[in-house]
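Novice: Letter by letter, the chains look like this.
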Amino acid sequence: MMRRMLWSLTAIVVLLLAGTIAWQRFYDPDADAPSAPRTDEQAQIARGLYLARAANCMACHTARGGQPYAGGRIIATPFGNLVSPNITPDAATGIGSWSAADFWRAMHNGKSKDGSFLYPAFPYPNYTKITRADSDDLYAYLRTIAPAKRPNEAHALRFPYNQRIVLAFWRALYFRPGVYRDDPSRTAEWNRGAYLVQGAGHCSACHTGRNALGATVADADLAGGTIPMLDWYASPLTSDAVAGLGDWSIPDIAALLKTGVSPRGTVFGPMTDVVKGSLEHLSDEDAKAMASYLKSLPKTASSEVEGSLPRPEDEVLKLGASLYRQYCVECHKENGTGFPPAYPRLAGNGAIESGPAINAIRIVLNGGYPPATSGNPRPYGMPPFGPALNDAEVAAVVSYMRNAWGGRAPLVSPAEVISYRTVPLE
Amino acid sequence: MTPTSNPSKRALLQENFFHRAALPIRHMVPALLFISSAVLAQTAVPDTIAQRAVACTACHGKQGRAASDGYYPRIAGKPAGYLYNQLVNFREGRRRYPLMVYMVDPLSDGYLRELADYFADQHPPYPPPQPATASPETLEKGRVLVMSGDASRGIPACVACHGQALTGMAPFIPGLLGLPRDYLNAQFGAWRGGTRRAAAPDCMERIASSLSLDEVNAASSWLAAQPVPENATPATAAVGALPMACGSVRQQ
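As given, the protein sequences belong to chains A and B, one line each in that order.
Heads up: the first sequence begins at 16 in the working numbering, then just goes up one per residue.
Heads up: the second sequence begins at 74 in the working numbering, then just goes up one per residue.
In isolation and in its complexed conformation, chain A is listed as follows:
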């Protein structure tokens, strides 16, 4: 009796597993989505280029100094390293042998030409929102780039993640293919913004937290998150007052997206690449549409500050204040209002005052330039202060800035600072 039950149970589990694999392997929703009729080839290619930029394909599919779209960039993940593939039209090593339908299936359903599952570092949970017509335009553009003969390198993932078949279960849990559907109760501009943010722009890849299996957490959409492996905190894009975009105007958000600077803040860290490779190339209308959509996102539940808050007379804050006066005031002013857009405002700046202290620590340590964009071609930069300040001093000045102008945040410890001195910069 017992043995029969065990057998039945095993059989059910095996059937469920096999069923899940078969479902994911053979179910190809929208495979028959009609291809848009080709009329003006040049216009189609131009639209494809625009989309390739909006989706920032190049950022992952080009190695530093390498041929565009020829792959070879290492994408570090908690599960091991992925190496981006060659997506130039080279027949042997790129995607030259792919049809528009193969490409559509990859974008829409996360599968390679041979039907194997793609790793979701390729953000198909976002790209699935892209329409067939846009996918075809993108495909048409990718056919026009210079073919590069560069064989793909093997990924270096740990077991069991190196077994693509297990992605069947990940997909069953977290992936629902489906093109973006307009919300008829919203304006065309809002819908366009939502389409870009959720789809090609794949903002959630960084700005939404991820669970232990690397899936974005649906109920915390765009509420901010620490970017795995890169060790930057992607700020919330929700309507929280200081942490998020709650008190930003739509033109300021659009300016930040297109130029990298704005009266409210300046991009830093990985977002500089996103602006430079992608958002800078958006039309004014699309930047505004994205900004309008982001402004409409609801507030997230305000998270409680962890750790005890310092008292104003704390010695660390006094040290921080004196360091701030010595090193920071010339550009950011005593009252933290800065000289935007050249030198950003720090007072009321979510990147400084809210969320984890990672961003502020790393900016103090490494300084940096915002991206050179057509709207801000000669950006002002910040010197790296890592060489000048020791860990306790960086901790003090960051603690001070987070508490000086109305913000309230726990003190940063020198140990936190040292962990970011050796974090890879790229």
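It is worth saying that the hints were derived from the structure and are not from the lab.
For clarity, every value in this text was computed on a predicted model and none was experimentally measured.
Treat the hints with care, since some could be wrong.
Sample of chain B residues facing chain A (criterion: CB under 8 Å; computed from the structure) [what the hints assert, rightly or not]: (1) Val118; (2) Val127; (3) Lys135; (4) Glu165; (5) Gly166; (6) Pro171; (7) Val174; (8) Tyr175; (9) Met176; (10) Val219; (11) Met220; (12) Tyr256; (13) Asn290.
To spell it out: a stretch of chain A is covered by chain B in this simulated footprint if at least three of its residues, at any positions, have a beta carbon under 8 Å from a beta carbon of chain B; those stretches are [claimed, not checked]: (14) 74 to 85; (15) 349 to 361; (16) 398 to 405.
Just so it is clear, CB atoms sit at the ideal spot from N, CA and C, and this is done for glycine as well.
With chain A fixed as given, assemble chain B onto it according to the hints.
Specialist: Below, chain B alone, put in the same frame as chain A:
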């Protein structure tokens, strides 16, 4: 991210960067942030390339004159084409100093050229050379290598490309005087280890790989001990006369 980059090596480089430089730099950073002084009462940011280059001067010194720590090179007065090539080499992964890659990564060709031109035009005074600590034999060995090379092994003299006065050759070849021994040694190490490359053919990589460590030390020690002549400027000469093919003199 570069495909072959090695996290531990990057971490080590970065650690070196922070730790080796910790002391001298702290005395340089204040007071230089707003070029046009008048600090606290500042009402507008000067719309100048000098103000935009302030981020560079935290490590490379005021006007790019170098710090006294012996690790960050002087960039003032180096040929503009050389400086520009180096900035692009960092951005494109041919040179792998993490903080430099990080600084230049978001910048355009045009802006990098403007920054390069700015520092090429700066001519602050040179500090006196470091006192030589190497033995007279080592220094003499270094002098011979620099002035004559070693024809039997196909190693050209430094002066053949870097100018008879070793003050460089405009627009692509840097001068070798006024550089600390540690910096020179670090560059040879970087060429040998593949973290400093130039457009192919990479002549300095070939030269660095064919020198022994003793020879590197001798050449660096001798070079670092030489005074820089008054009004040192890069020579101008026909590029075709170089003793070996060098990709960086064509790179634009």
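Novice: Evaluate each hint against the coordinates.
Specialist: Each hint tested on the structure:
1. Val118: Cβ of Val118 of chain B sits 4 Å from chain A, so the hint holds.
2. Val127: 7 Å, holds
3. Lys135: Where the cut-off is 8 Å and the nearest Cβ of chain A is about 12 Å from Lys135 of chain B, the hint is violated.
4. Glu165: Constraint on Glu165 of chain B satisfied, holds at 3 Å.
5. Gly166: Holds, about 4 Å.
6. Pro171: With Cβ-Cβ at 4 Å, under 8 Å, it holds.
7. Val174: Nearest chain A Cβ about 6 Å off; hint holds.
8. Tyr175: 4 Å, holds
9. Met176: 6 Å, holds
10. Val219: 31 Å, violated
11. Met220: 35 Å, violated
12. Tyr256: Tyr256 of chain B check fails; min Cβ-Cβ to chain A is 15 Å, beyond 8 Å.
13. Asn290: 26 Å, violated
14. 74 to 85: Since three or more residues must qualify, the claim that chain B covers the stretch 74 to 85 of chain A holds, with 4 doing so at under 8 Å.
15. 349 to 361: holds (count 4)
16. 398 to 405: This one holds; 8 residues, not fewer than the three required, reach chain B with a Cβ under 8 Å.
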